[in-house]
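Trainee: Sequences listed follow chains A and B, in order. Each residue of the first sequence is one higher than the one before, starting from 1 at the first, in our numbering. Each residue of the second sequence is one higher than the one before, starting from 414 at the first, in our numbering.
Treat the hints as calculated values from the structure; they're not laboratory data. All the given hints hold, so there is nothing to weed out.
Calculated cross-link-like contacts (lysine to aspartate or glutamate; reagent style EDC-like; alpha-carbon spacing at most 20 Å):
1. 424/B x 328/A
2. 108/A x 763/B
3. 11/A x 767/B
4. 424/B x 354/A
5. 11/A x 738/B
6. 11/A x 737/B
7. 108/A x 767/B
8. 264/A x 235/A
9. 521/B x 374/A
10. 108/A x 787/B
11. 11/A x 741/B
12. 11/A x 720/B
13. 424/B x 325/A
14. 521/B x 354/A
15. 521/B x 510/B
16. 521/B x 350/A
17. 521/B x 371/A
18. 424/B x 324/A
19. 147/A x 121/A
20. 108/A x 784/B
21. 424/B x 307/A
There are 2 protein chains.
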Amino acid sequence: MTLIEMGQRAKEAARFLNTAGTFRKNDALFAMADALVTRADLILAANEADIAVARENGMSESMLDRLTLTSERICAIADGVRAVAALPDPVGETLGEVRRPNGLRIAKRRVPLGVIGVIYEARPNVTADVAALCLKSSNACILRGGKEAISSNRAMAQVMAQALEEVGFPAGTVQLVEDTSRETATEMMRLNGYIDVLIPRGGAGLIQSVVQNATVPVIETGTGNCHIYVDAECDPDMAVDIVINAKTSRPSVCNAAESLLIHKNAPVAFYEKMRTAFIQKKVEVRGCPVICDLWNEAIPATEADFDTEFLDYMISVKTVNNIDEAIDHINAHGTGHSECIVTENYTNAEHFLDCVDAAAVYVNASTRFTDGNEFGFGAEIGISTQKMHARGPMGLQELTTFKYIIRGNGQVR
Amino acid sequence: MTLIEMGQRAKEAARFLNTAGTFRKNDALFAMADALVTRADLILAANEADIAVARENGMSESMLDRLTLTSERICAIADGVRAVAALPDPVGETLGEVRRPNGLRIAKRRVPLGVIGVIYEARPNVTADVAALCLKSSNACILRGGKEAISSNRAMAQVMAQALEEVGFPAGTVQLVEDTSRETATEMMRLNGYIDVLIPRGGAGLIQSVVQNATVPVIETGTGNCHIYVDAECDPDMAVDIVINAKTSRPSVCNAAESLLIHKNAPVAFYEKMRTAFIQKKVEVRGCPVICDLWNEAIPATEADFDTEFLDYMISVKTVNNIDEAIDHINAHGTGHSECIVTENYTNAEHFLDCVDAAAVYVNASTRFTDGNEFGFGAEIGISTQKMHARGPMGLQELTTFKYIIRGNGQVR
Numbered sequence: 001m002t003l004i005e006m007g008q009r010a011k012e013a014a015r016f017l018n019t020a021g022t023f024r025k026n027d028a029l030f031a032m033a034d035a036l037v038t039r040a041d042l043i044l045a046a047n048e049a050d051i052a053v054a055r056e057n058g059m060s061e062s063m064l065d066r067l068t069l070t071s072e073r074i075c076a077i078a079d080g081v082r083a084v085a086a087l088p089d090p091v092g093e094t095l096g097e098v099r100r101p102n103g104l105r106i107a108k109r110r111v112p113l114g115v116i117g118v119i120y121e122a123r124p125n126v127t128a129d130v131a132a133l134c135l136k137s138s139n140a141c142i143l144r145g146g147k148e149a150i151s152s153n154r155a156m157a158q159v160m161a162q163a164l165e166e167v168g169f170p171a172g173t174v175q176l177v178e179d180t181s182r183e184t185a186t187e188m189m190r191l192n193g194y195i196d197v198l199i200p201r202g203g204a205g206l207i208q209s210v211v212q213n214a215t216v217p218v219i220e221t222g223t224g225n226c227h228i229y230v231d232a233e234c235d236p237d238m239a240v241d242i243v244i245n246a247k248t249s250r251p252s253v254c255n256a257a258e259s260l261l262i263h264k265n266a267p268v269a270f271y272e273k274m275r276t277a278f279i280q281k282k283v284e285v286r287g288c289p290v291i292c293d294l295w296n297e298a299i300p301a302t303e304a305d306f307d308t309e310f311l312d313y314m315i316s317v318k319t320v321n322n323i324d325e326a327i328d329h330i331n332a333h334g335t336g337h338s339e340c341i342v343t344e345n346y347t348n349a350e351h352f353l354d355c356v357d358a359a360a361v362y363v364n365a366s367t368r369f370t371d372g373n374e375f376g377f378g379a380e381i382g383i384s385t386q387k388m389h390a391r392g393p394m395g396l397q398e399l400t401t402f403k404y405i406i407r408g409n410g411q412v413r
Numbered sequence: 414m415t416l417i418e419m420g421q422r423a424k425e426a427a428r429f430l431n432t433a434g435t436f437r438k439n440d441a442l443f444a445m446a447d448a449l450v451t452r453a454d455l456i457l458a459a460n461e462a463d464i465a466v467a468r469e470n471g472m473s474e475s476m477l478d479r480l481t482l483t484s485e486r487i488c489a490i491a492d493g494v495r496a497v498a499a500l501p502d503p504v505g506e507t508l509g510e511v512r513r514p515n516g517l518r519i520a521k522r523r524v525p526l527g528v529i530g531v532i533y534e535a536r537p538n539v540t541a542d543v544a545a546l547c548l549k550s551s552n553a554c555i556l557r558g559g560k561e562a563i564s565s566n567r568a569m570a571q572v573m574a575q576a577l578e579e580v581g582f583p584a585g586t587v588q589l590v591e592d593t594s595r596e597t598a599t600e601m602m603r604l605n606g607y608i609d610v611l612i613p614r615g616g617a618g619l620i621q622s623v624v625q626n627a628t629v630p631v632i633e634t635g636t637g638n639c640h641i642y643v644d645a646e647c648d649p650d651m652a653v654d655i656v657i658n659a660k661t662s663r664p665s666v667c668n669a670a671e672s673l674l675i676h677k678n679a680p681v682a683f684y685e686k687m688r689t690a691f692i693q694k695k696v697e698v699r700g701c702p703v704i705c706d707l708w709n710e711a712i713p714a715t716e717a718d719f720d721t722e723f724l725d726y727m728i729s730v731k732t733v734n735n736i737d738e739a740i741d742h743i744n745a746h747g748t749g750h751s752e753c754i755v756t757e758n759y760t761n762a763e764h765f766l767d768c769v770d771a772a773a774v775y776v777n778a779s780t781r782f783t784d785g786n787e788f789g790f791g792a793e794i795g796i797s798t799q800k801m802h803a804r805g806p807m808g809l810q811e812l813t814t815f816k817y818i819i820r821g822n823g824q825v826r
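Just chain A, same shape as in the assembly:
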């Protein structure tokens, strides 16, 4: 099937989903979840084929782990789909209505986006997660996963499609692009008229490729060069806890801290405890000259280190003369994801919140909280780092748009 044909099927499905209603959508989600579990053997066999190829190609153990499915993981994926069914339906809500002086009543109604394209990398669980979120928000989806997971994705998509067909949902509801070539991905990025929004999920390379090539509207996600700024007046223990949590609780994720800015007059106790904690947690420090003088195990930072998302036990560290130097540094080097100040000073806290330009700006809490579940959205399809449409964790509401509903009785202008 060509991408255009898939696009046409998706548009048809989107029309169906638009008015399918919450009960039917939830039934479909439960059917999908049950099918994933009852046909786990098929999916596991396909996954084994992916794993075999990946091992042959010398995939790293951590990547292999991400690619691997087990019965338990499939049950967890199915539970995730059921959890999406339990979330409130975002579609159909009236976001406000006014009566104009001429008697027209103008309402703003939340409606689905239509057809959502998602391009992602090696994790097969994304296939079910995204399908569930799109279905619950009445969007058809066209999924294009990485070639490393193609057998697993194909098996999961097939299982879900059959379950959807059995409950009367159209074939275009959830579709997988089976051709994982770069050309097909580029074609998908230019499928204007069929794809309403394209969401890339993956590393900086994928995001950049989509931004450069896409002609359909895109929501950029995920790259996080997140900073913690430790102010002069602060609780040293709290500051160390937050930095260590943000850096080391899960270094490979986008809301992990990558850079630490310290006021030159921050408490001596903070400098000492922070140093000890980094050594203990085996975090490699790339420091500015002041830090390298203070902590002789630190490696001198290059300019590029301050723009690097290490995604590892490494952190760039720099002292600043005042809060504005910290804010300017963050606005220049950050990726608009999550930024934090640790301070006891009211004015500085508010100033930081006002002036830092990012999706999530924190006072005295770890950047690791930038996450759909932690924000109370129940689930997320990604974390937007652009300003248009959605910013920060994107839940079901971010997969919707609105239309104006205007009721008149013959008004002309």
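Let chain A serve as the given structure and place chain B on it in line with the hints.
Mentor: Chain B in isolation, oriented as in the chain A frame:
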């Protein structure tokens, strides 16, 4: 100055504007408005130069009229700027705050987009309108008008920039791209890292060029292939009034109707009165075979006529067998702008509102109301026909985004 340098200046200005506050922004808007009036001579002289060139190049009278400024028109433009000052400031509003179980307080705060690029065509008033809307919403703007209006635009931009400088606003607040070459426009469409959102205002050619070339996020505006569907049960007089108003009150605008769909069993009185009204108003009908049989002055419609935004005293007309045929036709041929049903049938009205996929869906009112002023927004920067971020008339709120403000007391994950 290069576009990159303009981008840097705009980013600096955006940081200033972010915290400038309503009073200072309003002062700046009044200063801009006053300067436009007191220095009208300079602007009028520049406009005369544009007009002279345009006449030489054989510009049509209607286009010349759009290009022409007079003292009265400059006063009206200045009044428009003052009206923007009087609108509520959208920036800084808290859109909700929750307390999470771990004690984190997560608020959603409305903030400016940052730097807005606008590419537009021959109307010089756009220069002041857009500058005012961007400033009020705390956004810096980079404007690129058409070459036909370059002298007028340059004069207006210069007058506004000087007024802004006098009240202490940075030079990057309002900037005009003086090079009107296509290459520079393309470069502007790819100014990632400097332009947060690009809004093209103009004809279908401009919009398509931006969609194809831009790598910065874009809000598509303006193309409107708007339909009126006249249902079987309807008030014939109301239907004729709405069609005539939507088609002829201002045929050159995007919310004008371009296509009429009629239920085959619509009242005979409607068919007769509609025909008479079209003849009276000199509207050329491009009809389907049924219509051409009924109205022998009608010209047979080609398939392309149903996808054409005539922007003139022309309309495509087609009979349909039922409401779903009308809805399918609209969803296939519409541009997602404004669509209307004229009906007295409750179920059909709601069905049309539910199923038509467009920014504004009307029952029993003219599509001409899709407009920022008519919607009560006070002003508009354009009418979005895409689904991401903004849909329909875009006022000040649509020129903002939000950020999450998270207040903790040491939370880690």
